[in-house]
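Visitor: As a plain string of letters, each chain reads:
There are 4 protein chains.
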Amino acid sequence: MTTNSSHRSFKNRLHDIIYEADTPAGKLFDLVLLILIILSIIFVMLESIKGLPDIAYEYLYYAEWLITIFFTFEYIARIIAIKKPFRYIFSFYGIIDLLSTLPLYLSFFLTGTSALLTVRALRLLRVFRILKISRYIGESNRLAKAIKDSAAKILVFLFAVLVLCIIMGTVMYLIEGEDSGFTSIPTSVYWCIVTMTTVGYGDIAPTTALGQFIAALIMIVGYGIIAVPTGIVSAEYASDKKHGKKIDLNTQTCSNCNISEHKDDAKFCYKCGEDLYNE
Amino acid sequence: MTTNSSHRSFKNRLHDIIYEADTPAGKLFDLVLLILIILSIIFVMLESIKGLPDIAYEYLYYAEWLITIFFTFEYIARIIAIKKPFRYIFSFYGIIDLLSTLPLYLSFFLTGTSALLTVRALRLLRVFRILKISRYIGESNRLAKAIKDSAAKILVFLFAVLVLCIIMGTVMYLIEGEDSGFTSIPTSVYWCIVTMTTVGYGDIAPTTALGQFIAALIMIVGYGIIAVPTGIVSAEYASDKKHGKKIDLNTQTCSNCNISEHKDDAKFCYKCGEDLYNE
Amino acid sequence: MTTNSSHRSFKNRLHDIIYEADTPAGKLFDLVLLILIILSIIFVMLESIKGLPDIAYEYLYYAEWLITIFFTFEYIARIIAIKKPFRYIFSFYGIIDLLSTLPLYLSFFLTGTSALLTVRALRLLRVFRILKISRYIGESNRLAKAIKDSAAKILVFLFAVLVLCIIMGTVMYLIEGEDSGFTSIPTSVYWCIVTMTTVGYGDIAPTTALGQFIAALIMIVGYGIIAVPTGIVSAEYASDKKHGKKIDLNTQTCSNCNISEHKDDAKFCYKCGEDLYNE
Amino acid sequence: MTTNSSHRSFKNRLHDIIYEADTPAGKLFDLVLLILIILSIIFVMLESIKGLPDIAYEYLYYAEWLITIFFTFEYIARIIAIKKPFRYIFSFYGIIDLLSTLPLYLSFFLTGTSALLTVRALRLLRVFRILKISRYIGESNRLAKAIKDSAAKILVFLFAVLVLCIIMGTVMYLIEGEDSGFTSIPTSVYWCIVTMTTVGYGDIAPTTALGQFIAALIMIVGYGIIAVPTGIVSAEYASDKKHGKKIDLNTQTCSNCNISEHKDDAKFCYKCGEDLYNE
Numbered sequence: 016m017t018t019n020s021s022h023r024s025f026k027n028r029l030h031d032i033i034y035e036a037d038t039p040a041g042k043l044f045d046l047v048l049l050i051l052i053i054l055s056i057i058f059v060m061l062e063s064i065k066g067l068p069d070i071a072y073e074y075l076y077y078a079e080w081l082i083t084i085f086f087t088f089e090y091i092a093r094i095i096a097i098k099k100p101f102r103y104i105f106s107f108y109g110i111i112d113l114l115s116t117l118p119l120y121l122s123f124f125l126t127g128t129s130a131l132l133t134v135r136a137l138r139l140l141r142v143f144r145i146l147k148i149s150r151y152i153g154e155s156n157r158l159a160k161a162i163k164d165s166a167a168k169i170l171v172f173l174f175a176v177l178v179l180c181i182i183m184g185t186v187m188y189l190i191e192g193e194d195s196g197f198t199s200i201p202t203s204v205y206w207c208i209v210t211m212t213t214v215g216y217g218d219i220a221p222t223t224a225l226g227q228f229i230a231a232l233i234m235i236v237g238y239g240i241i242a243v244p245t246g247i248v249s250a251e252y253a254s255d256k257k258h259g260k261k262i263d264l265n266t267q268t269c270s271n272c273n274i275s276e277h278k279d280d281a282k283f284c285y286k287c288g289e290d291l292y293n294e
Numbered sequence: 016m017t018t019n020s021s022h023r024s025f026k027n028r029l030h031d032i033i034y035e036a037d038t039p040a041g042k043l044f045d046l047v048l049l050i051l052i053i054l055s056i057i058f059v060m061l062e063s064i065k066g067l068p069d070i071a072y073e074y075l076y077y078a079e080w081l082i083t084i085f086f087t088f089e090y091i092a093r094i095i096a097i098k099k100p101f102r103y104i105f106s107f108y109g110i111i112d113l114l115s116t117l118p119l120y121l122s123f124f125l126t127g128t129s130a131l132l133t134v135r136a137l138r139l140l141r142v143f144r145i146l147k148i149s150r151y152i153g154e155s156n157r158l159a160k161a162i163k164d165s166a167a168k169i170l171v172f173l174f175a176v177l178v179l180c181i182i183m184g185t186v187m188y189l190i191e192g193e194d195s196g197f198t199s200i201p202t203s204v205y206w207c208i209v210t211m212t213t214v215g216y217g218d219i220a221p222t223t224a225l226g227q228f229i230a231a232l233i234m235i236v237g238y239g240i241i242a243v244p245t246g247i248v249s250a251e252y253a254s255d256k257k258h259g260k261k262i263d264l265n266t267q268t269c270s271n272c273n274i275s276e277h278k279d280d281a282k283f284c285y286k287c288g289e290d291l292y293n294e
Numbered sequence: 016m017t018t019n020s021s022h023r024s025f026k027n028r029l030h031d032i033i034y035e036a037d038t039p040a041g042k043l044f045d046l047v048l049l050i051l052i053i054l055s056i057i058f059v060m061l062e063s064i065k066g067l068p069d070i071a072y073e074y075l076y077y078a079e080w081l082i083t084i085f086f087t088f089e090y091i092a093r094i095i096a097i098k099k100p101f102r103y104i105f106s107f108y109g110i111i112d113l114l115s116t117l118p119l120y121l122s123f124f125l126t127g128t129s130a131l132l133t134v135r136a137l138r139l140l141r142v143f144r145i146l147k148i149s150r151y152i153g154e155s156n157r158l159a160k161a162i163k164d165s166a167a168k169i170l171v172f173l174f175a176v177l178v179l180c181i182i183m184g185t186v187m188y189l190i191e192g193e194d195s196g197f198t199s200i201p202t203s204v205y206w207c208i209v210t211m212t213t214v215g216y217g218d219i220a221p222t223t224a225l226g227q228f229i230a231a232l233i234m235i236v237g238y239g240i241i242a243v244p245t246g247i248v249s250a251e252y253a254s255d256k257k258h259g260k261k262i263d264l265n266t267q268t269c270s271n272c273n274i275s276e277h278k279d280d281a282k283f284c285y286k287c288g289e290d291l292y293n294e
Numbered sequence: 016m017t018t019n020s021s022h023r024s025f026k027n028r029l030h031d032i033i034y035e036a037d038t039p040a041g042k043l044f045d046l047v048l049l050i051l052i053i054l055s056i057i058f059v060m061l062e063s064i065k066g067l068p069d070i071a072y073e074y075l076y077y078a079e080w081l082i083t084i085f086f087t088f089e090y091i092a093r094i095i096a097i098k099k100p101f102r103y104i105f106s107f108y109g110i111i112d113l114l115s116t117l118p119l120y121l122s123f124f125l126t127g128t129s130a131l132l133t134v135r136a137l138r139l140l141r142v143f144r145i146l147k148i149s150r151y152i153g154e155s156n157r158l159a160k161a162i163k164d165s166a167a168k169i170l171v172f173l174f175a176v177l178v179l180c181i182i183m184g185t186v187m188y189l190i191e192g193e194d195s196g197f198t199s200i201p202t203s204v205y206w207c208i209v210t211m212t213t214v215g216y217g218d219i220a221p222t223t224a225l226g227q228f229i230a231a232l233i234m235i236v237g238y239g240i241i242a243v244p245t246g247i248v249s250a251e252y253a254s255d256k257k258h259g260k261k262i263d264l265n266t267q268t269c270s271n272c273n274i275s276e277h278k279d280d281a282k283f284c285y286k287c288g289e290d291l292y293n294e
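Residue numbers (the numbering used here), protein chains in the order written: chain A, 16 to 294; chain B, 16 to 294; chain C, 16 to 294; chain D, 16 to 294.
Everything labelled a hint here was simulated from the structure, so no lab data went into it.
Among these hints, one or two may not hold up.
Put simply, identical chains are the same to the list, so a pair is met inside one copy or across any two.
As the list claims (entries may be wrong) - Restricting the straight-line Cα-Cα distance to at most 20 Å, the calculated cross-link-like pairs of lysine to any residue (SDA-like) are:
| id | residue 1 | residue 2 |
| --- | --- | --- |
| 1 | Lys163 | Leu232 |
| 2 | Lys65 | Thr198 |
| 3 | Lys160 | Ala175 |
| 4 | Lys163 | Phe174 |
| 5 | Lys160 | Leu170 |
If you're wondering where the values come from, they're calculated on a predicted model, not measured in any experiment.
Construct all of the structure, not just a fragment, from the sequences and the given hints.
Guide: So, in structure tokens, the structure goes:
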């Protein structure tokens with residue numbers, strides 16, 4: 016019973032360190048993790064640059080192994096610390112964690128999987144989990160809410176833009192032809208999207224007078240309708256701001272169901288009823 | 016009398032399947048149509064790509080005929096199912112339906128009309144009719160309303176931008192001359208629109224110091240005034256949001272006058288008074 | 016006395032036709048003028064295109080003379096019809112009218128002034144005067160008001176952007192040097208404006224790693240601050256919309272002081288007290 | 016005592032001239048300074064242009080020395096005129112003043128420091144200090160407030176955009192490879208930022224079908240989310256506008272702690288309690 020209790024207590028302490036950010040140990044753990052993730056991304060980027068001295072690639076290789084081993088231990092610790100491991104393993108962040116740790120081992124055992132190594136860039140997504148320590152969490156919640164509220168409208172809008180791009184792209188394919196780079200309808204649609212979104216690479220550009228006239232029309236229309244999604248989000252955000260109430264959330268994570276963002280004065284998990292202060 | 020009644024009942028059932036989306040059969044029909052339209056657009060796109068194996072073009076040709084025959088039957092069914100066929104034939108979607116079905120037949124009987132085949136891209140517009148099955152209909156209605164309310168203002172604004180572009184384009188034509196690609200006033204105006212809308216291809220770019228200075232001015236002005244249409248739509252949308260009431264509309268279409276979007280509890284067509292549940 | 020009276024009556028009728036748009040004759044006059052201005056602009060544009068057949072340039076030359084003679088008569092009529100001609104002559108539109116009519120005569124008498132012909136593009140500005148016939152006048156008034164209300168803020172904003180561009184342009188000049196096209200500080204500032212406003216020609220683009228990093232920073236900042244002027248105009252426009260009252264203005268112009276946009280029920284000019292219905 | 020008093024009085028007068036803009040002498044001083052700063056920036060720009068006649072560089076050199084000497088005297092005067100000189104020396108503008116004056120002296124005594132001369136472009140920042148004479152101060156205060164209020168949200172948003180750019184850049188590096196210019200992950204991320212912010216240089220552009228498809232997706236997403244920061248600032252600005260009160264501030268600067276923007280009827284410094292009218 017004592018061992019069991021001390022074991023539970025170990026698991027609880029591990030849970031506090033890994034999943035929460037309200038204790039000094041938890042904050043330190045998150046900080047170390049954040050630095051390692053950012054370092055790791057920088058290493059992946061550096062590795063892709065050609066022309067560095069050979070010794071640099073060697074150091075990057077060792078650094079990569081060190082970080083990967085740390086992440087492996089972290090992954091195992093996360094599974095141990097939680098009551099229902101499968102809920103973590105098959106959660107969004109659980110899959111990201113696995114995907115960003117595995118490739119290096121695979122490239123060690125199997126040849127020809129070095130392309131997989133780039134999957135490690137997904138580690139960057141883990142930054143968002145850690146950012147719960149930040150005072151920006153309230154802002155990003157409100158941002159996410161405003162985007163979610165406007166999502167349906169913006170999707171309808173983007174769909175309409177896409178249909179317009181396909182039709183205008185087809186028209187431009189007929190007018191400009193292959194000499195100006197409009198080699199097929201998909202390419203023309205690509206050009207139309209590049210133009211409509213005001214990106215304008217210039218790798219494909221109309222050369223005939225009629226083509227330039229229609230391109231100008233497309234741009235003016237694009238300029239006029241860029242206002243629409245902006246107006247939507249503005250209105251949504253303003254109305255959200257008016258009615259919204261700020262609720263103080265903390266970073267405590269339920270050790271049973273892995274749900275976070277409980278209210279500050281919460282005693283039980285709002286999802287599964289688990290006692291949050293249960294030792 | 017029985018045959019007449021069974022005939023009316025057949026027409027009614029056809030009407031329910033084709034024009035409405037509240038019954039399982041209607042939903043299925045719309046789904047099949049949606050898939051066929053999207054497939055058809057993909058086929059038109061693939062056809063335009065050069066360098067595919069010959070067998071691919073052959074398959075695309077057969078697939079195209081299959082889809083066109085289906086659309087032909089659908090077109091005929093739509094005419095049969097409605098009480099006033101001419102109202103459908105000369106409606107916006109009726110013309111789109113005809114235009115997107117006819118070209119293949121024409122290309123079969125007449126040579127040299129293969130350019131017409133691209134008209135089939137118009138089929139994409141039919142997607143909007145089907146989307147009435149979607150829960151996005153309320154959103155797109157509100158979007159369309161906000162755009163319509165702001166249309167007059169945005170047109171005034173775009174007209175002012177156009178006048179500015181013509182005058183600045185003429186100025187740039189005088190300053191830069193033909194060496195930098197400003198070969199004529201229309202080309203310079205095209206360049207000015209490309210710049211003002213922040214598309215910026217770079218196929219034409221000022222090379223003289225004075226030209227670059229004026230181009231910078233044009234950009235700064237363009238950057239400053241891009242705010243105007245956005246502000247308009249935002250304000251319009253926000254005020255619409257404040258005063259707007261959500262009304263539940265369904266997808267029922269009057270079999271007499273082809274008007275859709277009746278209120279959920281409507282018994283008679285709000286336009287022509289036709290009994291909507293009339294069998 | 017009779018001749019004088021008939022003369023006044025002729026002047027009054029001329030004034031009604033030229034300066035007002037509420038009578039059928041005034042509407043017709045404005046429509047003819049609008050068509051001639053647009054035709055004239057199209058002719059100026061066509062003239063600048065090289066490679067047309069010689070006969071086309073000849074026709075354009077004759078058409079230009081016809082239009083110029085009409086505009087000359089119009090200019091003289093405008094001076095005759097108004098009570099205080101100098102107020103018209105030195106008004107904004109008076110100068111535009113003169114500038115867009117004179118160049119052709121000058122090019123006839125003086126050689127080497129053909130570059131002046133492009134000044135005729137200023138005729139386009141006259142379109143705004145005619146548009147008082149349009150139902151868009153209310154919209155453009157509100158637009159102009161929103162822009163004017165936001166002008167001070169947008170100028171402050173654009174000034175800050177300009178200072179930022181000058182400083183970042185200098186930094187990029189130091190980093191990239193002449194090899195990448197950053198040949199001088201003014202050129203670098205030009206590049207920075209092109210980038211910050213998201214135009215992005217690509218005629219000058221950073222090639223060093225540090226230069227690309229700073230360019231990316233500039234873009235992200237530019238992307239973030241593009242929101243500011245938009246937010247300003249939105250807020251200004253929305254508040255204007257809330258407090259604004261729609262006042263019915265008509266197109267009547269005072270024959271004494273040339274002020275237009277009197278209230279619908281105005282009997283006397285709000286500026287100079289002239290009786291508006293005085294015969 | 017008399018000398019001391021006259022000395023204090025001299026210091027006070029100097030303080031009024033240099034730090035304040037409410038007296039004629041202070042306004043004149045600010046105007047002269049503004050002109051000299053702008054002239055100086057123009058000179059720095061001109062110097063960087065190659066191909067001017069040698070005599071021009073010589074004149075620019077002398078002009079630069081004249082302006083630098085004036086700025087040196089101004090710097091010394093600023094230190095003398097204030098009660099707590101270190102507060103000025105280590106303030107933001109104090110450091111800018113030093114940095115923009117020193118390089119010319121350094122380039123005179125040390126060779127190889129001519130690159131430092133470009134630091135003089137920082138002088139432009141001093142313009143903001145002088146602009147307190149302008150009626151735009153109220154506007155820029157409100158602008159700065161709206162930006163500051165939205166800063167946290169916009170930073171969260173830009174961070175999310177950056178993460179998205181890094182992940183999509185890595186994806187494009189895998190798809191496009193080195194042939195299309197995607198030579199390394201950092202370069203691909205740079206391309207992704209250029210695309211997402213709709214700058215679109217075109218120096219790097221996808222050439223494969225899959226790459227163009229994903230690029231189009233990135234653009235559409237970028238087009239959709241450009242609305243977000245705009246919406247934030249709009250809402251912030253509108254709400255600020257609603258609740259904000261205009262307070263009349265003047266340009267008086269406390270001679271003790273160098274704080275400006277006291278209320279119009281202030282008698283004592285709101286920060287340190289110094290008597291503002293103390294002679």
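Visitor: Flag every earlier hint the structure violates by its number, smallest first.
Guide: Result: no hint breaks.
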